[in-house]
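Make the full structure from the sequences, and use the hints.
There are 2 protein chains.
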Amino acid sequence: MLDNLGAQNLSPAELRSAIRKGDYNRPTPGLASGYAQANLVILPKDLAFDFLLFCQRNPKPCPVLDVTEVGDPEPKFAAPGADLRTDLPRYRVYEYGQMVAEVTNITDYWRDDLVAFLLGCSFTFEEALLNAGVPVRHIEEGKNVPMFITGISCRQAGPFHGPLVVSMRPIPAHLVIRAVQVTSRYPAVHGAPVHIGQPELIGIKDLNRPDFGDAVTIYPGEVPVFWACGVTPQAVAMAAKPELMITHAPGHMFITDLRDQDLAVI
Amino acid sequence: MLDNLGAQNLSPAELRSAIRKGDYNRPTPGLASGYAQANLVILPKDLAFDFLLFCQRNPKPCPVLDVTEVGDPEPKFAAPGADLRTDLPRYRVYEYGQMVAEVTNITDYWRDDLVAFLLGCSFTFEEALLNAGVPVRHIEEGKNVPMFITGISCRQAGPFHGPLVVSMRPIPAHLVIRAVQVTSRYPAVHGAPVHIGQPELIGIKDLNRPDFGDAVTIYPGEVPVFWACGVTPQAVAMAAKPELMITHAPGHMFITDLRDQDLAVI
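Note that the protein sequences, when read in sequence, are chains W and E.
Taking full-length UniProt numbering, I'd label the letters of the first sequence as residues 1 to 266.
Taking full-length UniProt numbering, I'd label the letters of the second sequence as residues 1 to 266.
Some hints could be false.
[Said to hold, decoys possible] Some chain E residues close to chain W (C-beta under 8 Å, calculated; not the full set):
#1 Pro27
#2 Gly30
#3 Leu52
#4 Val194
[What the hints assert, rightly or not] Derived DSS-like pairs (lysine-lysine); straight-line CA-CA distance at most 25 Å:
#5 W:Lys45 / E:Lys241
#6 E:Lys60 / W:Lys60
#7 W:Lys45 / W:Lys241
#8 W:Lys21 / W:Lys45
#9 E:Lys76 / W:Lys60
#10 E:Lys76 / E:Lys21
FYI, nobody ran anything at the bench for these hints, they're computed from the structure.
From a predicted model like this one, the values you see are computed outputs, not experimental measurements.
Positions of the beta carbon are idealized from the N, C-alpha and C atoms, including for glycine.
Here you go:
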């Protein structure tokens with residue numbers, strides 16, 4: 001069994017292989033530095049068009065990195081040769097909106113009519129923020145990012161509708177503009193912020209009481225900055241109560257072969 | 001009947017109304033300055049997922065601006081209140097890959113199972129180039145942009161596959177970098193170029209013999225710059241020979257309420 005330290009020097013393919021063999025089943029943040037990690041949503045084909053359309057209509061919370069062929073668990077673009085049934089450390093299985101299992105592979109759940117969606121994740125732009133000298137508080141404090149349900153509605157597609165969920169990072173005032181510039185380069189992983197500075201304007205009442213994740217310290221002179229969050233499509237899909245939906249377990253992402261830098265538009 | 005001059009000062013909604021009433025049936029370049037125009041592709045629902053997936057997999061040639069609800073001709077995001085059956089000046093109707101009609105409305109062809117896709121068009125970034133002082137030769141020469149079939153394959157989705165088609169604009173060498181910067185701001189309308197300088201590297205043999213559109217003058221000191229072209233999805237859809245496909249007629253685009261500036265990521 002690999003620990004985090006042993007895993008840190010492995011390539012994406014080596015990590016996926018270790019995960020597949022059962023040698024690694026922990027969260028993935030910090031692994032395969034420089035490579036994009038992805039959120040996973042698996043749905044039956046009869047919902048795939050509406051879910052893809054939901055993503056197209058809401059690209060900030062739902063940046064699509066790859067979509068598999070119906071019934072094929074290989075993400076041919078994001079990681080050729082990988083197997084989405086076995087290559088994530090932990091999955092959650094939902095039936096009609098209720099979680100029925102948390103498992104380390106989904107071989108027994110896979111069906112010929114399933115379509116897997118890989119959605120960009122904030123780890124990519126957080127690494128870019130850190131490289132630009134912008135602090136990321138929840139990483140400093142060893143916490144999960146604070147996430148809030150906003151009063152902003154996503155654009156509906158078929159059965160998929162619901163509010164935008166955002167993540168919040170407190171940024172020193174003199175670095176806020178840099179944070180906008182840095183994350184604007186990455187529309188494929190949530191991109192530029194959706195709001196800066198006044199949480200009540202987007203329906204958030206108390207920054208100390210996030211709806212998901214952990215509260216973090218906001219120091220004097222810091223401004224709360226909000227980005228669209230990948231929890232949005234999962235929450236929306238769950239609310240539609242599909243007969244079967246499979247996702248990654250929180251923090252246990254799929255590690256792609258796509259370089260963070262390749263996701264930048266400029 | 002409005003002429004081009006009479007049409008030039010109308011808003012997008014006024015233009016669509018004039019077109020709907022039969023008062024304008026000419027090409028749309030130069031109209032509704034500052035507003036995005038769009039390519040139209042209409043397909044039956046059973047092909048809609050694969051076509052949307054093709055667009056997701058090939059965002060440079062196929063930048064999706066809006067997708068209608070099944071059977072509903074109103075593009076609720078790009079132009080609320082508009083009717084895609086009547087609000088373009090000219091349409092082409094294809095059955096099994098063969099053009100069977102060119103018409104000024106498609107009311108008689110509309111069906112409850114049709115889905116309309118509006119795809120970004122190069123007019124938006126051409127206006128941005130002109131505003132940045134970068135000349136656009138085919139506009140100067142009153143011609144259609146030269147387009148070439150490349151040796152680059154698009155990523156396949158279901159029955160949709162084929163080569164990338166590009167448009168070419170000769171740019172003075174000292175303005176090429178500016179042209180890259182300006183168009184990079186607009187990933188929703190083809191974005192940055194796909195190639196600069198050596199047509200043979202992307203399978204183009206003779207710049208004087210475009211596959212579609214007109215040849216344009218290339219002056220000494222100018223570099224040919226290639227952008228992904230919206231003809232790609234139409235060519236790919238046509239090659240899949242769907243039982244019914246409807247598109248805009250070349251140059252007769254849909255005029256949206258989206259401002260060009262709103263399509264810029266930075």
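Numbers of unmet hints, in rising order: 1, 2, 4 and 8
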